[in-house]
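Enquirer: Combine the two chains into a complex, taking the hints into account.
Residue numbers (the working numbering), protein chains in the order written: chain C, 23 to 603; chain G, 12 to 355.
Check the hints yourself; a few may be wrong.
Listing some non-contacts, in silico: residues in chain C with all C-beta distances to chain G over 12 Å [unchecked claim]:
id : residue
1  : Ile-80
2  : Gln-396
3  : Lys-429
4  : Asn-439
Heads up, simulated DSS-like pairs for lysine-lysine below, C-alpha to C-alpha not over 30 Å straight-line [as the list claims (entries may be wrong)]:
id : chain 1 : residue 1 : chain 2 : residue 2
5  : C       : Lys-498   : C       : Lys-429
6  : G       : Lys-134   : C       : Lys-99
7  : G       : Lys-202   : C       : Lys-97
8  : C       : Lys-107   : G       : Lys-202
9  : C       : Lys-83    : G       : Lys-134
10 : C       : Lys-116   : C       : Lys-97
11 : C       : Lys-429   : C       : Lys-509
12 : C       : Lys-108   : C       : Lys-282
13 : C       : Lys-471   : C       : Lys-407
14 : G       : Lys-202   : C       : Lys-407
15 : G       : Lys-17    : C       : Lys-407
16 : C       : Lys-546   : C       : Lys-498
17 : C       : Lys-107   : C       : Lys-97
18 : C       : Lys-546   : C       : Lys-509
19 : C       : Lys-498   : C       : Lys-509
20 : C       : Lys-116   : G       : Lys-17
Hints were generated in silico from the structure; no laboratory data involved.
Quick caveat: nothing in here was measured; it's all calculated off a predicted structure.
We put the CB at the ideal spot given by N, CA and C, even for glycine.
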Amino acid sequence: MEEVDVEPSTTVTKHLGFEWGPGDLLVYETNYKLQGPRSASSPSVHVVRRDEDICSPILRKLFNESHLIFVGLQKIKEDVPSKNKKSQFVSISKNYRSVIRACMEELQQNAGKPSQYGDQVSILLAIELIWNLCEVLFIDAAPAGSLLLHLLDWVRLHKSDVDTRAREVLQSDSPAQHQSYWDVPAGTQTLTEFDVKWRHWHEECDRCLQDNTFASNRHLETICKILVGDEDTLLEQRELLSTWYHFLVTRLLFTHPTIKPPDLHYYAQSSMNMFLGPRASPEPLDIILLSAFEFDLHQVIKDCSIALNNWWFVAHLTDLLDHCKLLQSHNLQCVSHIRSSYLSYMHVCVSLWQLAVDYFDHCPEFGRVYLELQIERVPLDTERKAIKVLRICEDRQMSEQVRSICKIMAKRALRNNRLGSALSWSIRAKDAAFATLISERFLQDYSNKGFFTDLDLLDNLGPAMLLSDRLTFLGKYREFHRLYGEKRFSEAARLLLSLMTAKIAPRSLWMTLLTDALPLLEQKEVIFSVDQTYELMSCLEDCFSSVFQDEDIESTKTELLRLALARNLAMAIVKEGTIET
Amino acid sequence: MDPTAKYISQKISRTRWRPVPAGLLQQPEVFAAGSWDNESNRVSIWSLGDNDSDTDGEFDEEPRLLCDSEHDGDVMDLQALSLAHVWERAHRYSCDNAPCTAVVCRSPELVSVGEDGRVILYKADQTEVVRVIENADSSTIHAVTFLRTTEVLTVNSIGQLKMWDFRQQSDSPAQILSLTGDRVPLHCVDKHPNQQHIVATGGQDGMLCIWDVRQGNTPFSLIEAHSAEMWEVHFHPSNPNHLFTCSEDGSLLHWETTSGSDMSTLLQRGWNSRVVSHSGVPLAGEDDSVVSSWLAGDSSKNRLEATHMLPSQTLSVNSLDVLEQCLVCGTDGEAVYVHRQLPV
Numbered sequence: 023m024e025e026v027d028v029e030p031s032t033t034v035t036k037h038l039g040f041e042w043g044p045g046d047l048l049v050y051e052t053n054y055k056l057q058g059p060r061s062a063s064s065p066s067v068h069v070v071r072r073d074e075d076i077c078s079p080i081l082r083k084l085f086n087e088s089h090l091i092f093v094g095l096q097k098i099k100e101d102v103p104s105k106n107k108k109s110q111f112v113s114i115s116k117n118y119r120s121v122i123r124a125c126m127e128e129l130q131q132n133a134g135k136p137s138q139y140g141d142q143v144s145i146l147l148a149i150e151l152i153w154n155l156c157e158v159l160f161i162d163a164a165p166a167g168s169l170l171l172h173l174l175d176w177v178r179l180h181k182s183d184v185d186t187r188a189r190e191v192l193q194s195d196s197p198a199q200h201q202s203y204w205d206v207p208a209g210t211q212t213l214t215e216f217d218v219k220w221r222h223w224h225e226e227c228d229r230c231l232q233d234n235t236f237a238s239n240r241h242l243e244t245i246c247k248i249l250v251g252d253e254d255t256l257l258e259q260r261e262l263l264s265t266w267y268h269f270l271v272t273r274l275l276f277t278h279p280t281i282k283p284p285d286l287h288y289y290a291q292s293s294m295n296m297f298l299g300p301r302a303s304p305e306p307l308d309i310i311l312l313s314a315f316e317f318d319l320h321q322v323i324k325d326c327s328i329a330l331n332n333w334w335f336v337a338h339l340t341d342l343l344d345h346c347k348l349l350q351s352h353n354l355q356c357v358s359h360i361r362s363s364y365l366s367y368m369h370v371c372v373s374l375w376q377l378a379v380d381y382f383d384h385c386p387e388f389g390r391v392y393l394e395l396q397i398e399r400v401p402l403d404t405e406r407k408a409i410k411v412l413r414i415c416e417d418r419q420m421s422e423q424v425r426s427i428c429k430i431m432a433k434r435a436l437r438n439n440r441l442g443s444a445l446s447w448s449i450r451a452k453d454a455a456f457a458t459l460i461s462e463r464f465l466q467d468y469s470n471k472g473f474f475t476d477l478d479l480l481d482n483l484g485p486a487m488l489l490s491d492r493l494t495f496l497g498k499y500r501e502f503h504r505l506y507g508e509k510r511f512s513e514a515a516r517l518l519l520s521l522m523t524a525k526i527a528p529r530s531l532w533m534t535l536l537t538d539a540l541p542l543l544e545q546k547e548v549i550f551s552v553d554q555t556y557e558l559m560s561c562l563e564d565c566f567s568s569v570f571q572d573e574d575i576e577s578t579k580t581e582l583l584r585l586a587l588a589r590n591l592a593m594a595i596v597k598e599g600t601i602e603t
Numbered sequence: 012m013d014p015t016a017k018y019i020s021q022k023i024s025r026t027r028w029r030p031v032p033a034g035l036l037q038q039p040e041v042f043a044a045g046s047w048d049n050e051s052n053r054v055s056i057w058s059l060g061d062n063d064s065d066t067d068g069e070f071d072e073e074p075r076l077l078c079d080s081e082h083d084g085d086v087m088d089l090q091a092l093s094l095a096h097v098w099e100r101a102h103r104y105s106c107d108n109a110p111c112t113a114v115v116c117r118s119p120e121l122v123s124v125g126e127d128g129r130v131i132l133y134k135a136d137q138t139e140v141v142r143v144i145e146n147a148d149s150s151t152i153h154a155v156t157f158l159r160t161t162e163v164l165t166v167n168s169i170g171q172l173k174m175w176d177f178r179q180q181s182d183s184p185a186q187i188l189s190l191t192g193d194r195v196p197l198h199c200v201d202k203h204p205n206q207q208h209i210v211a212t213g214g215q216d217g218m219l220c221i222w223d224v225r226q227g228n229t230p231f232s233l234i235e236a237h238s239a240e241m242w243e244v245h246f247h248p249s250n251p252n253h254l255f256t257c258s259e260d261g262s263l264l265h266w267e268t269t270s271g272s273d274m275s276t277l278l279q280r281g282w283n284s285r286v287v288s289h290s291g292v293p294l295a296g297e298d299d300s301v302v303s304s305w306l307a308g309d310s311s312k313n314r315l316e317a318t319h320m321l322p323s324q325t326l327s328v329n330s331l332d333v334l335e336q337c338l339v340c341g342t343d344g345e346a347v348y349v350h351r352q353l354p355v
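This is chain G alone, in the form it adopts within the complex (with noise of 0.2 Å):
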């Protein structure tokens, strides 16, 4: 089934669905979109309508905009709160303001990270900041996410992880890994829902890596996932043998398993990876089947299927989100697409 496109007349920065309460079981019907590069950048919240189909199980809303407002500059990430508060400066230069690039919650608390190496910890319903860890790296900080509850991981521009521990008092993170090789800037991280020390990264060449934080200081495996940066990682959060990427070449990738095995002991194993397009029919430009094996492995018994989720090649598909059966991703085409019958 294809997703349904939206044409929202703004480039897409960041999309994210609001949560829904767990054990409702209910599919996700709101979701946020950001601008970027506007004149006027805008925040908008967008309904996909009720959750009734007709008798074929086909979904025809189309997302109608619930309300929206003004944004200064960019909208570089979205989290989802429930209060809400302006930090200003939180990010700067020292003459200047300095981009934030990401922004993660788990309410309370609010983490930050800039193009000013600093990262910031906010609390919720606190006008003051509650912790800024100067000089945090020399280069950019491109993503964060939450290991722990009071654990951080970020990745920067010169291709590292850095783990911080907010119980610690030293403004030095509490462990570093990066790639033995070239250090390429790495955009967008991920932690694998249950099990906490398995993170997904992906990078300006479009490698998708696979770490363990606890062991070692290079990543499980590698695997070619894009031909251009890789904007977003996620793990399906409620079955993480699904992994969702997007990338700057205009393709979002719905990743999964094939075998019997789970994705955490496949990465340990090793897996040839193939690349499908959604329809079948191949894509004007790409080969029909991309076949790298990574590790020694049994390569008959795990397999990792990678699929096109969007229908043709459009511009950069800059975010993406998914909840339960429903994904929703934003592109530079100004178009938003949201498929709400995922094979999770």
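Bound conformation, chain C alone (with noise of 0.2 Å):
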């Protein structure tokens, strides 16, 4: 019933209304025109929505790769040492990042024309960018050493081409002044001790700038002023810089090598403005990016959840600042509210529902909520799936959906006539009031075609005939036939007796059980002992005494029956009072 058009076919004449789901929109025409004369509407409802990628099937990819990802995070235990905590953090963020470099690389080599998933891969991109640049500041938190040899790692690895022709500029000329600055920084050596080093050569590159020693050469000359960190000089780099955070990280590569975090959004602000001149605006990525850089935490999240559009991002990276326990506590509602909406994000491709109980349960406020009422709108088209369902909602302590999935399954079962099925569907959510349906309608099948159907099932009960009254009932009026079938005729007779004094026998059916006796009274032999027929006889004069019509049919039987009692009677006295010689 489901057609995917592009653009629709039917050109709309009405009044539309519309309905707000979880990810899209539902139109549909009404009666309503403003003029001429009413026509009938067209019946259908179209559902509007974003043409959107998330059921394509790269992005699926990284949907169950990071699923699988965040499912670890979460059984990361409490009680291990904080310092290996952070480098199971650090590689569980540098495992999300391979996932999006996976996906974005698949996404460039199957587009078939260029432009086709350009959005989704700059989204990318930039995701990874921010995130790359969160794992240094918050995750990892470098120190003041080594913060800045992962600012240079963060920007060549996004600006990797820049880079190496940078360094090709840079190395080609004079390389065997660069050669001692690169190996420099090794992390061998304290950070007072680098610091005196790097000013001590930085000194020797002023005073060489200041000599004019190279003023012969006006390349080595620029370059000397890069290596001194002059601002103006860099600037003129600005086509192989290309942004204004790789500007900022040269600058402080040649200014302030020992950068310490806190004092980092200094420069990172001015070294915006100054790239950015006074006439361009920054864009949403650099003002996250700047947030980042001031340590804004809530900013940066702010932000990306409304530039981004992408929920999934946003979702994953809360949720490990979280464990790094980097949230401040007012910032849980924010994460709260992230998860879920990420979840009706994937609401919209349906396979998914079973990553989304995963989410769900590590949802803070409404979790549970959410899923019970989720789950219980899961289509169930195959037995199978039923099956997966139950066991998320059993695992979870869920009885009522467990209850009601069953008695749908039940229910649909009975109505094709499966019984087994559904007596299997009632056992499991240990349903009595079905157990006892389904009961009744054996029974009546019975009186109906005077044979049991089902003998398979009704054989092999098993503990399952405790289940309910009813059903033990019908268990064991199947065995008194089966032992009459065997001609085991007194225990067939215990057995009918005690269906009936232990009252699990429904009254309708106490005339039947004692038209039942009758062949077993008219036996040659004595059956039933004095006290057993004295019991039946019992029985008779209540089931008697309740009846209220059909009188004549059922005084002729009661009249038979009290006959073959009495006879029964006569004989088992005789018998009983008998001395064996």
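Expert: Here it is in structure tokens:
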């Protein structure tokens, strides 16, 4: 019934009504028309959905792989010391990023035309950039010495081609000077030692510049100015740097390699202003990065949610930051909201309901409630799917949902005349009422047809028989018939009597049961003992007194029974009174 | 060695190796995967590339898609056959189509079973159905396997195994076996490749049961294999001392005997079973060892060890297939895992 129209063929001449859905819009034609005669409107309802990629195969891989990482993250135990945890978190962050990169690469490879996945690819690029920066600044929380190294790596990763060219330019002319410079931040020295050495080197560079050592060669002079960190010279290399954060890192590299995290934001702001110039206004991505440099995590998340329109990114990043204990308590509501937005986003692709369950589990406030509502709405096409849904509910002790799903499946089975299936669903839900219903159905069939159907089920009920009284009766009644068929009369008689005296037989069937006793009474040998016969008689009288309609039919049967019982009583008394010689 | 994972963007309900001609000692290279729960489901064929490994024996090849085709409804089961045919409405209720749950073939004959409780016999080259056993079962039949050329064994959702002999005219089973305890639905069944009377079943409670169909109404042994439904159980076709099970709880276990005796004597005498995780590192949230001893037996000599084959807890593993040294399985996390160096 679903058709995907890229361009809907119907032209709409009427008023449209609409209703918001979780990720889409429901549109229908109304009968209302401003002018002209009323005519019948089209009966179809249109679902308007953004031509979104969520169901695209490549993005599904992203969702599935990241789900695995997410679940693994939730399992990290609380009592592990924080140092080990940090390295775990960093590796998880790297995992997420590699998944993003793999997705990006595949999109780029598979794009039919260059613009086909262009939007997606650029969003993913931005996401990876921001995530990487957050990893460096917040998760890895690099201290003063290595902070710049990490930032260098960050920039290099995202502007790799630019960097190689820059390096070529720098290194081709004065290898000796630069070699020693690059080797220095090796991490084997303490911060102060390095600082002293660096200052010494910096002063030397400065002196060279002042002395006009390189005055002859313009190129070398430029390079020297760069090394000293002269901002104007750096700005001149704008095409090479291409972004303000590259400029920032380069500037820091040559002026403050031992930058401490709290000082970062001052340089970030000024770099951005310098690079972009007075007229250009910063793009959303730039603002996000700036907030990151200012260590304003809350702002980063807020801006990402608004600007990027990609709930996947925000949901997973905030979850990771939450595990790193970087989000303050008032942000938790934010986390919960973000996660539920992600879930409604995922809802568009129906097949992902199983992934969603794990996210619901870790939704701080309303996860359980949402899950309960959601799980009842998963369509149950086959038994296998119902079994999977049930397993999810049972694992989380959602007994009401279990009951309702089992009832749906049992009712469906009953409608299709699959009594065994219906019974197995009732057993799973421990639904005594439905088991009673099924037994009634069996007994009705028996009364109508005169024999039992589905013997394989009835003969093998096992402990399930005890689920409901009626079911127990059914099982035992069938057993009585079997015993009678095998000519084990005394056992059959005992069973029949117990069925009546234990009062699990429904009143409506007592006449049937008593009638079943007739052939046993008519046997040549005495089967019922004196006591048993007395009991049968009292049952008969009980039954007779409570039956009001069909008096004449009943009275014939009752007469027969009374006669048979009396005869049996006589023979039984004689038999029991006789002394065996 | 960890299995390679490939995400294929659809939840996988069945994976099967394409059979390799016997006697050629080749490793299987091509497998089929069927999807479920999609708006449009597909059956796809994947190839693993050439068999050459580099010097250190690493197989890097990811499966490549060879071809795929659309499929109406969920793919419930796959079997390899040389001809193709569609039998419409083979399984049905009075007013609707009923899902067919399993198919087994022993060329040229095919048997299918479904939620409508029918057992249907087909021949691959005939359009008409050969035989239908109506009302074979009052509940859903979940799986079927050939015992002998004319005998099949089915398992249903009230915990019974039924043996059907097609040579007999009557529509009732030749034999019915079931557990004495709770009637737990059984989902999968497999026969021992060499000894036709030994059969393994797995059910809703994750218990692995081994039965001897010749004797008695109760299984030999019950092993607590998984914590959720067991979807498939397979004896290794050429080395039956190895058994593989996969389950809704996201694990795939490889069972092997560690003593000298073979599986069937082991099953008769009992064992200690121990579950270890694949990499030796305990998975989050599980005990390090589960020791359960069944029946009296010389527990020191006979051991059955189970190892987790998948590196971490995934969503439900719906299907697995083993052939020679290769294992393929598919999960609800939309990933196919291929293991090419099974220790069998």
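Enquirer: Each hint needs a verdict: does it hold in this structure or not?
Expert: For each hint, the structure was consulted:
| no. | hint | result |
| --- | --- | --- |
| 1 | Ile-80 | violated, 7 Å |
| 2 | Gln-396 | holds, 15 Å |
| 3 | Lys-429 | holds, 16 Å |
| 4 | Asn-439 | violated, 7 Å |
| 5 | C/Lys-498 / C/Lys-429 | holds, 25 Å |
| 6 | G/Lys-134 / C/Lys-99 | violated, 56 Å |
| 7 | G/Lys-202 / C/Lys-97 | violated, 38 Å |
| 8 | C/Lys-107 / G/Lys-202 | violated, 47 Å |
| 9 | C/Lys-83 / G/Lys-134 | violated, 40 Å |
| 10 | C/Lys-116 / C/Lys-97 | holds, 17 Å |
| 11 | C/Lys-429 / C/Lys-509 | violated, 40 Å |
| 12 | C/Lys-108 / C/Lys-282 | holds, 20 Å |
| 13 | C/Lys-471 / C/Lys-407 | violated, 35 Å |
| 14 | G/Lys-202 / C/Lys-407 | holds, 26 Å |
| 15 | G/Lys-17 / C/Lys-407 | holds, 23 Å |
| 16 | C/Lys-546 / C/Lys-498 | holds, 26 Å |
| 17 | C/Lys-107 / C/Lys-97 | holds, 12 Å |
| 18 | C/Lys-546 / C/Lys-509 | holds, 13 Å |
| 19 | C/Lys-498 / C/Lys-509 | holds, 16 Å |
| 20 | C/Lys-116 / G/Lys-17 | holds, 19 Å |
Hints 1, 4, 6, 7, 8, 9, 11, 13, counting from the list given before, are not met by this structure.
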